[in-house]
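Chemist: The residues making up each chain are set out below.
Protein chains: 4
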Amino acid sequence: MRALTEALATPLSDADATVQSMPDASPAKWHLAHTTWFFETFVLRDHVPGYTLFDERYPFLFNSYYEAEGARHARHRRGMVTRPTLAEVLDYRRAVNEAVAGAIDTLPPAALELIELGCHHEQQHQELFVTDILHLFSENPCEPAIHTPERKQPVAMPGPIGWIEHDGGIQEIGHDGAGFAFDCEGPRHRVLLSPHAIADRTVTNGEWAAFIADGGYADARHWLADGWAWVKAEGIGAPLYWEKAGDGWTRFGLDGRRPVDPAAPVTHVSFYEADAYASWAGARLPTEAEWEVAAATADPASGNQMDAATAVEPRPSSGGPAFIGDVWEWTGSAYRPYPGFRAAEGAVGEYNGKFMSGQFVLRGGSCATPRGHLRTSYRNFFYPHQRWQFTGVRLAKDLPIC
Amino acid sequence: MRALTEALATPLSDADATVQSMPDASPAKWHLAHTTWFFETFVLRDHVPGYTLFDERYPFLFNSYYEAEGARHARHRRGMVTRPTLAEVLDYRRAVNEAVAGAIDTLPPAALELIELGCHHEQQHQELFVTDILHLFSENPCEPAIHTPERKQPVAMPGPIGWIEHDGGIQEIGHDGAGFAFDCEGPRHRVLLSPHAIADRTVTNGEWAAFIADGGYADARHWLADGWAWVKAEGIGAPLYWEKAGDGWTRFGLDGRRPVDPAAPVTHVSFYEADAYASWAGARLPTEAEWEVAAATADPASGNQMDAATAVEPRPSSGGPAFIGDVWEWTGSAYRPYPGFRAAEGAVGEYNGKFMSGQFVLRGGSCATPRGHLRTSYRNFFYPHQRWQFTGVRLAKDLPIC
Amino acid sequence: MRALTEALATPLSDADATVQSMPDASPAKWHLAHTTWFFETFVLRDHVPGYTLFDERYPFLFNSYYEAEGARHARHRRGMVTRPTLAEVLDYRRAVNEAVAGAIDTLPPAALELIELGCHHEQQHQELFVTDILHLFSENPCEPAIHTPERKQPVAMPGPIGWIEHDGGIQEIGHDGAGFAFDCEGPRHRVLLSPHAIADRTVTNGEWAAFIADGGYADARHWLADGWAWVKAEGIGAPLYWEKAGDGWTRFGLDGRRPVDPAAPVTHVSFYEADAYASWAGARLPTEAEWEVAAATADPASGNQMDAATAVEPRPSSGGPAFIGDVWEWTGSAYRPYPGFRAAEGAVGEYNGKFMSGQFVLRGGSCATPRGHLRTSYRNFFYPHQRWQFTGVRLAKDLPIC
Amino acid sequence: MRALTEALATPLSDADATVQSMPDASPAKWHLAHTTWFFETFVLRDHVPGYTLFDERYPFLFNSYYEAEGARHARHRRGMVTRPTLAEVLDYRRAVNEAVAGAIDTLPPAALELIELGCHHEQQHQELFVTDILHLFSENPCEPAIHTPERKQPVAMPGPIGWIEHDGGIQEIGHDGAGFAFDCEGPRHRVLLSPHAIADRTVTNGEWAAFIADGGYADARHWLADGWAWVKAEGIGAPLYWEKAGDGWTRFGLDGRRPVDPAAPVTHVSFYEADAYASWAGARLPTEAEWEVAAATADPASGNQMDAATAVEPRPSSGGPAFIGDVWEWTGSAYRPYPGFRAAEGAVGEYNGKFMSGQFVLRGGSCATPRGHLRTSYRNFFYPHQRWQFTGVRLAKDLPIC
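Protein chains in written order, with our numbering: chain A, 1397 to 1798; chain B, 1397 to 1798; chain C, 1397 to 1798; chain D, 1397 to 1798.
It should be emphasised that the hints constitute simulated quantities derived from the structure, not laboratory data.
Some hints could be false.
All copies of an identical chain are treated as equivalent in the list; a pair is satisfied when it fits inside any one copy or across any two copies.
Below, computed lysine to any residue pairings styled on SDA-like, alpha-carbon distance capped at 20 Å [to be verified]:
1) Lys1793 x Val1587
2) Lys1793 x Ala1718
3) Lys1793 x Pro1735
4) Lys1628 x Arg1468
5) Lys1793 x Ile1557
6) Lys1793 x His1585
7) Lys1628 x Glu1463
8) Lys1628 x Glu1746
9) Lys1793 x Arg1584
10) Lys1628 x Gly1612
11) Lys1628 x His1469
12) Lys1628 x Arg1471
13) Lys1640 x Gly1652
Required output: the full structure, derived from the provided sequences and hints.
Modeler: Listed below in structure tokens is the structure:
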């Protein structure tokens, strides 16, 4: 797992790995170091007697948001830290890897659980690493490609959306406690669904272009009030990274600026845009429970997810009601605790619960989610205006109550 | 109904009625005129042939947020409109009242429904009128009283919170369609509750003072991340309008600055504060479904609500599990559509649906809610940092699943 | 003198007199009260034994910026003070007038000097009163007229600018100490002028329209860097209060919105605009010393100044090198102390000196300057982006050194 | 000359050279490239037939503010450009050096003048390079040292300030046209001085510590109004880079954090602070004319200036009325054109004139000024709140007019 993070850093210079492109994003070097700090702090410091910190300045530099872990560097100033260098941070990784490996046979079960948590934590940062670097390179007027483009098989345009109907009724969702999951995924609990239908695929770039062409970004009727204010204030008229080019569109990606593929799932759209699209399309977003019930039998290791440090991107579907991979799907559910939710004890209890206001749940993983990280119970969450992740849209609609 | 609005304006000077104290609040004169514009536009203009607008400039000035009704004055500049004067706006009210009264016998049912909606709409603005004026006067360094204080019967301190337990299971909530309700209150639908307990009264000022004294505002562990950022950025350390006075606290109210009554429900707290208090107290906020089920048999016209233009304020409870009046109770539920929700057609369809992101639901009405306006299905909503309304807290907690 | 202030308030409602339209402007009621506070504080409180304040809350409310006088209400919140009312403030004026009149025969010379200073101080606020109210009414979408328009004699378009040449050499400027002057006008001192020419009239609206038509606001070459940034950030394309109307322009004034008179001096332009215009015209702004030398023999009580509470505005010139009245003329001189300048002792020492950074000097008075207030040594000053005063432009240019 | 810039970059990593610490500062890599762009554009592109740009994307990336040269990257986003790398920019430098060297024998005089201008231009950026990198490293919580500290000879505390008196009268200042100077330094012209005295040395750190200890930052009476607002808004209480350490102070410098030397000139103070200090000391700042007359016979190549890429810093004076080096001295003169000033034609005409508003003149060069760059007529300029340059204070005072 740790090797993938380093592979992601391979194409990067020291400068690439240092700069912070916006307060929401972190430098690649910070991701490399913070994920290491997590192991050093919660495993080595707390569970290995006599362990000496690699560098006493690092906890201040590389703690993210754990209030219980004390003072830390201001998030929006992470890009000021040109030293330690990328090479020094890679040394830090090696040293902590070795210390954990050396101690692992004698660690208590609580520490082993924290190692497992640390691996899942690092996988989350692998996805952020990819999207943060993409954002940084998009801010360079030269728009350099991070990876060379991959050869792609031509894929036919997907047919019209098919609708998977559900009669409603009591279902169970949430993680059942077997194997690893983040605290916010449980407890497993019963939910009551209404009769509804959910689309068998996500919205494509071609469909999104039709929304634009129909004036979708200029018609207040489709938009939530906060979304409309955001569109006006920010001058939004297309997904992030899109640019008009003649009659069509290009997008910036890990392989540079290229034409938008009309058959691929649309991505880099905000919740506001997703909701407006659904309104324009006469539909709505699914709730997270509807999504999870529909995806219950899907293989969380399937689909277009991240296997290696390459130019991942959403791809045209080859058919079938795939719920996994490609793009995180905005749901209509605010990110709030499940019935009976309890945050974990101690600093790691700050992992999820304290973010449960103002954000919406996304489901299904993306092309940048490390394969093996996902579960169908997985709850990702972002603010409704954010769109630098690989975020997309699946439609749903109500069915009459029989 | 219309007379109460004018009674609320009676103690106000032209200047009092004109100034806007913050972008969230509107001038009293604007409330007087906007509620009148609603009747003039949707009833008289749309349904009375040959009706001539009272003043052609008023639709631009007094439309609030109806995109379908065209351009309008910027919300945060409403306080610039020193003319028309308060007297002219009262003339406008009289003229529209007379025109509606003159036409009412010949209006089609659709117009009568809009009159009913206009009455409920105006009652909402009556509450905002009270809270906006309170905010304005609080910004005056002299802190003038708007009303003379009312004589109050001394009331004993309420006893400890009692807990109303519920086994969970399928229940119905939402408006059933009989009589008036806002579109967001329906459709009536089934919900699945978890076993839980809900407090039989709201949190008091005395209890809140204990939270402060225990360092509640200074301990990040109790707070949502967004709430903690808000506390730090705004320097929050007590409910709005509270000031430290010796060992105790005073609050500013419609009757000026007076000592905080420890027995009365705490008010003017944000969702963030409510959530942090609940966390400190080892509890949580109720969901809106839990609240509505618990309050199902409550009389929505009962309790401490607004009957007249006086110095309304939350009052010590005289006992009993009162769910109605005193303070709007923050729930833990994000304001989102019910299953099957459809916004009304036309401009009035902008009434609720477009606000369904980023806000939390409040229930139960307050001392400033005009009596007769409330229903147990009523869904009020505000952003989690807002606290100039009469907002308070009721606790809930999970019960083990049997 | 005091009666003119009250006359200025005559057309205003309580609301008109209360609202603050921007942080740079103050409510009319505040001007009425602050000028009174000046007399009450520095004359009555400091020099009349046993004087009791009219209201103990007023010093906090109506001190402007005198740090030595203690805490005061935040400038940008002056518009929140709906009470005391306009009527109460007028009572305050009467009471202080009477107290000063009753004491005047027994006051020491220092107090009499403060009365004189207070009169000049109030005249300054009379001009601000006019421009602040104009700004407030311009923010009302209905753009009400404050005064009915005055009948004007038609005046021919002025001819081309004539140039008054000066050979340079040592001259004297500054106030010589005879009669009243503000501290910043002295000491009188020698200056060394370069050979130059100064225009015999100010720039007209017609000339300004030609600057606009020639793309003057869109060509960076004419602009100071700070000015260009301001134009871009604020979207500036014409003087304040101008609006395009067909082929021509209208302006908002004390008599409402009316066509721009091409023969009248342009007004409501910033220093940045004045400087850009001069650059476009192949000229420059005069220094304040050049201006004062050229205007040395002008009668400071002449020209178009304010005699009464009417719809004052700059007027077409009837000929002659008039330096006085109509518009304050931006000079190219930063507002800095004269050689040997010393601020007065005590609180009134905060009158001028502490504002001597970042601002530019304006000369000559305007249509809103109370007649009798001006001197040719008078130094007005504003920030280079400000333009809600009656500010205009006179050109100058260098002559070769013989 | 070009080699010094590269020497300054030697201690820097690619990341150090890329990050932008604030909008006022530029990345080191940008300085390296922009100074090269200047030669490539104005010499090679404009004067070498057939010259092909090194990289067509560079003009957009590395133009600073020349509007006539077309669109360019936003100044505050310069730190986003992680590519081209530092190595690529050094290649760019080599290529342009070689092209200029190859063409120099055949260049017309106008191009040779532009080479000379380009050298002076690059020297200015050498100083900014040093101060910008210092600022960047100060933002790193680890506060790394850029250079190892230099051994210093102990120097005695300077004695009290001596005063150089001047009777006033007509003097000449400004560049006389012989040899290179920036356009703003001329034309040479006569000025009229008042009788005054100017200090024979700058203010020391020890004297500044006394100002702090006397409450200088907390007493509004010493401060310009804009300065006081700045102190309050920014929480200023000491020079930039100072930190309280026990009873004394430390400062951050190119050699890391070390104790403040009480004998050395104070530096990293703003104009506001300089002016407040002078007020506290019963003095004032000199005008730029007073300074230039006093410094007329000083050797502009003398004193503590930058000779190499080392840990330059202001040093204790060894005596004598040194006007050159150590710290740029704030004058009381706003940066405005001299009589008869004309900006150069073409793009290089944007070099100085357009910055002549809102800034104050500084004189005398600093420890970071490349030796050979300075003239006694040299006019440096910054905004009154800026203090990341090596800026200091020399006092002056008025003498009675005989």
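Chemist: For each hint, tell me whether it holds in the structure or not.
Modeler: Cross-check of the supplied hints:
{"no.": "1", "hint": "Lys1793 x Val1587", "in the structure": "both (18 Å within a copy, 18 Å between copies)"}
{"no.": "2", "hint": "Lys1793 x Ala1718", "in the structure": "within (18 Å within a copy, 38 Å between copies)"}
{"no.": "3", "hint": "Lys1793 x Pro1735", "in the structure": "between (25 Å within a copy, 10 Å between copies)"}
{"no.": "4", "hint": "Lys1628 x Arg1468", "in the structure": "between (35 Å within a copy, 15 Å between copies)"}
{"no.": "5", "hint": "Lys1793 x Ile1557", "in the structure": "within (12 Å within a copy, 42 Å between copies)"}
{"no.": "6", "hint": "Lys1793 x His1585", "in the structure": "between (23 Å within a copy, 16 Å between copies)"}
{"no.": "7", "hint": "Lys1628 x Glu1463", "in the structure": "between (36 Å within a copy, 13 Å between copies)"}
{"no.": "8", "hint": "Lys1628 x Glu1746", "in the structure": "between (35 Å within a copy, 18 Å between copies)"}
{"no.": "9", "hint": "Lys1793 x Arg1584", "in the structure": "between (25 Å within a copy, 18 Å between copies)"}
{"no.": "10", "hint": "Lys1628 x Gly1612", "in the structure": "within (13 Å within a copy, 29 Å between copies)"}
{"no.": "11", "hint": "Lys1628 x His1469", "in the structure": "between (33 Å within a copy, 16 Å between copies)"}
{"no.": "12", "hint": "Lys1628 x Arg1471", "in the structure": "between (28 Å within a copy, 15 Å between copies)"}
{"no.": "13", "hint": "Lys1640 x Gly1652", "in the structure": "within (15 Å within a copy, 45 Å between copies)"}
Checked against the numbered hints above, the structure breaks none of them.
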